[in-house]
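Novice: Mind docking chain G on chain W? Use the hints.
Residue numbers (this note's numbering), protein chains in the order written: chain W, 111 to 542; chain G, 20 to 262.
Incorrect hints may have been included.
For lysine-lysine, the following BS3-like pairs were computed, each having C-alpha atoms within a straight-line distance of at most 25 Å [to be verified]:
#1 K213(G) / K167(W)
#2 K29(G) / K136(W)
#3 K120(G) / K143(G)
#4 K348(W) / K233(G)
#5 K203(G) / K123(W)
#6 K250(G) / K213(G)
#7 K167(W) / K203(G)
#8 K128(W) / K231(G)
#9 K39(G) / K167(W)
#10 K167(W) / K250(G)
#11 K524(W) / K538(W)
#12 K39(G) / K344(W)
#13 K167(W) / K236(W)
#14 K145(G) / K162(G)
#15 K348(W) / K231(G)
#16 K381(W) / K309(W)
#17 K348(W) / K239(G)
#18 K250(G) / K39(G)
#19 K239(G) / K410(W)
#20 K411(W) / K213(G)
#21 K70(G) / K283(W)
#22 K128(W) / K39(G)
#23 K39(G) / K348(W)
#24 K493(W) / K538(W)
#25 K410(W) / K213(G)
#26 K279(W) / K70(G)
#27 K70(G) / K348(W)
#28 K123(W) / K233(G)
#29 K70(G) / K344(W)
#30 K311(W) / K453(W)
#31 K213(G) / K128(W)
#32 K128(W) / K29(G)
#33 K239(G) / K167(W)
#34 K70(G) / K167(W)
#35 K203(G) / K136(W)
#36 K296(W) / K325(W)
Since the hints were made in silico from the structure, they are not lab data.
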Amino acid sequence: MSFISWGRYPITKNIEFKFENDESLKSIISEQDALIARGNGRSYGDSALSQNIINAKPHDYFISFNEELGVLHVQSGVLLCDILNSLVPRGWFLKVTPGTKLITIGGAIASDVHGKNHHVAGSFSKSVESFRLMLPNSNIVECSQLENTDLFKATCGGMGLTGVILDAKIQLKRINSQYIDQTTIKTKNLKETFDTFEKYKSSEYSVAWIDCLAKGNEIGRSLVMVGEFRNDGKLGYKSKNKITIPFNFPTLSLNKWTVKAFNWLYYGKVKCSLSRQRVGIDSFFYPLDAIGDWNRIYGKKGFTQYQFILPMAASYDGLLEILETISKSGKGSFLAVLKLYGKANNNYLSFPMEGYSLALDFKIEKGLFNLLDELDQIVVKYKGRIYLAKDVRVSKEVFEKGYPDIDKFRELRKTYRMNEKFNSLQSKRVGI
Amino acid sequence: MSYVLIIGAKSDIAKAVARKYAENGYNLYLAARNSRELDEFANDVTVRSQKTVKLIDLDILDFDSHQTFYNQLEEKPLGVISAIGYLGEQENAQTNFNEAKQIIDTNYTGIVSVFNIIANDFEKRKSGFIVGISSVAGDRGRKSNYLYGSAKAAFSAYLSGLRNRLYEAQVHVLTVKPGFVATKMTADMDLPEKLTAQPDEVADDIYNAQQKGKNILYTKWLWRWVMLVIKGIPEWKFKGMSI
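With the rest of the complex left out, here is chain G:
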């Protein structure tokens, strides 16, 4: 039986991804803080798909625990997907370094710590896939969320390097860049309908892109073009804009 490991499993995107992989025949390790809170969800996946779902505690900020976390998985996963994301409060983070650090460590440092361990194992086994859910916010820093954006930018660069390194070992790395997604994280924002994806659409896109071995996925697809335009704005112009 084959397992996929999903970290940050409480997020709405992670839940949709979990259902998608189980529906397609994979067993699941769902890792999150206080993972028992996912009991009802794990039962849902099992009833729907008759697949095995195991819950594992993972504190992404407790770097020292990560090796033990991975060692305890009796059967090593076929692939890993990170859906960890912490938007944080930009304004607060500008004055309060603890908030800034939490944004950076959650979205970047912590995942690097876990992914390094898994990447080494996959490289040795010469198989596996790694999916990192980054964000379009990492494509260009904007005043409204550049702390989150900068951590995501670092994560995107990390995934790009990892893909390069693991190419020889035939370990596939997928960078996912969602635009707006209707989740708990964005519940208070007024999002434009045409640019906003539902979590299950994002999950479908991720599953298909991973199965096909794609490198970078924008979801919705429209975001590739939106970001191309945003990245194309010259800096002298961009610095005066509010977008």
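Here chain W stands alone, though its shape is the one from the complex:
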């Protein structure tokens, strides 16, 4: 068996384990080591790769939904898109959703994912009432903000390194429309982009696509998109049929010229400095899900997403320096996403902190990792951190500097002997 993650790099051999119920999972955990649980394989790098993989995706039953309180109880393999299909028409939506609905609840918790509303809603764990976790000794514990809090704080954002999440109770939010009023603001440089985020701070959702090949005084020019759910009672949501990319594109089809052309067209197609649109849930939150297997456009060598966040005070200078470095390198990124985040939570390894985050896609090619090492040094200099759910190559030193609670996490892993059972290629690389 050869599982690959979303970046299609690296390609490794693994053994797959499936479980029918708690008992069969117990015997897998007691007999094997070098285990890691896996959901839908949408983390980009090597966080869900190991010698032995527990495939939690078939573990996908809905257990109950409390329509009064909006609390949904599901097994960990349930995909976010299943929740939307079932509950958007009934007027419910996820309090926090990342940019793809093709991830499992277990994955959402383990990566403590966040979305376009992080500045007001925090990350996914904030919507988690509780979950059940199977520990290395195969005991099952219920974890929440009030019960087994150390395990809750370690598991949310803990990249599957604390055990296997079995099921979870998720708090949903009421919506009264499947449409969002979106405003797109075109900015000329980084200063304007920052000012726009500040100005729209009270908007529910905000994100920016940034032209990372812009140079000189145009550096940081962006399309900032902000949005709010409408209130028109239209809930007839049906997820769209998708087109798929059936094969890997030739490796050469993405190069700095095509990326440049794309960025120029994308930025250029928005004529006005401010425009408004009514868009659906899928196009607002999950534009890339419309193209199945879009990761194949990066060719057979795969790609990675480099996502970092910088503390507020250092964000402007740090981003400017990083954008200049990328622009100089000529290595382009189709997808460069900038966002203003709200306050950090107290989970040990959650990524978000108050400040600005930038995510960039790069195809794997010669010289890329040198460039990313260079960017790492700037991130460290400005006291930022790298997002593990996207990462495939960060060094132990750089990782540790970004996560001050790492020793607490390591300590807890030892206490529960998690380090003897659960490991990923990533956890070994960065020494978790």
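Specialist: Then chain G, alone, in the frame of chain W:
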């Protein structure tokens, strides 16, 4: 309220089909041996779709029980889907007739027994649909699984005749021929990714084909062409091949 009856409801394809029909507004009868084992799954479908799901015991090999089985359905179903399939062990079945008989009776005789009863009812009512999940293995016998394949071939021929008979009564019959599907049945096989469908893709295809009134569905669609090639190989050549 309208029910669809799914027999062989424990299979992975059946579960995906069940979710698909419930999502589209149908109530379900799920029939299988020890159907209580489907309790958690039935609850899953109900929570997802707010539809009614009833579990009914059905032993496909207990032919005498089939009339009673159908009689106990208070509200007769709008349509029936069979997802029954037993791959069996080919080598064992070559020497052990009990295994051979089990393969044939599960994949063919038993379903004929149930479908005859339902077809008669649908014909009288002049409405309904019948979906039989057969297999591409029935398109040509191969040494690796010809007992399973021959039962599926018989089932495909049965469905073709049934479609012909029920045409006048406006009862629609759909023959489904899946190729490789990633299920419990094939869990130990190393299947080629491009030719292998996930159960929910097969369910989508079945639902769409049934709604559109198609006659024969290959899923993935590529299998229509794969089988056309395999069927086209002359017998003198085919008999020496290992595919």
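Novice: The structure should be examined with respect to each hint, and the outcome stated for every one.
Specialist: Now for the hints, and whether the structure bears them out:
no. : hint              : result
1   : K213(G) / K167(W) : holds (20 Å)
2   : K29(G) / K136(W)  : holds (23 Å)
3   : K120(G) / K143(G) : violated (33 Å)
4   : K348(W) / K233(G) : holds (24 Å)
5   : K203(G) / K123(W) : holds (21 Å)
6   : K250(G) / K213(G) : holds (20 Å)
7   : K167(W) / K203(G) : holds (14 Å)
8   : K128(W) / K231(G) : violated (36 Å)
9   : K39(G) / K167(W)  : holds (18 Å)
10  : K167(W) / K250(G) : violated (37 Å)
11  : K524(W) / K538(W) : holds (14 Å)
12  : K39(G) / K344(W)  : holds (23 Å)
13  : K167(W) / K236(W) : holds (23 Å)
14  : K145(G) / K162(G) : violated (42 Å)
15  : K348(W) / K231(G) : holds (19 Å)
16  : K381(W) / K309(W) : holds (21 Å)
17  : K348(W) / K239(G) : holds (23 Å)
18  : K250(G) / K39(G)  : violated (32 Å)
19  : K239(G) / K410(W) : holds (24 Å)
20  : K411(W) / K213(G) : holds (19 Å)
21  : K70(G) / K283(W)  : holds (23 Å)
22  : K128(W) / K39(G)  : holds (24 Å)
23  : K39(G) / K348(W)  : holds (13 Å)
24  : K493(W) / K538(W) : holds (23 Å)
25  : K410(W) / K213(G) : holds (16 Å)
26  : K279(W) / K70(G)  : holds (22 Å)
27  : K70(G) / K348(W)  : holds (18 Å)
28  : K123(W) / K233(G) : violated (41 Å)
29  : K70(G) / K344(W)  : holds (22 Å)
30  : K311(W) / K453(W) : holds (13 Å)
31  : K213(G) / K128(W) : holds (22 Å)
32  : K128(W) / K29(G)  : holds (17 Å)
33  : K239(G) / K167(W) : holds (22 Å)
34  : K70(G) / K167(W)  : holds (24 Å)
35  : K203(G) / K136(W) : holds (20 Å)
36  : K296(W) / K325(W) : holds (16 Å)
Checked against the numbered hints above, the structure violates hints 3, 8, 10, 14, 18 and 28; every other hint is satisfied.
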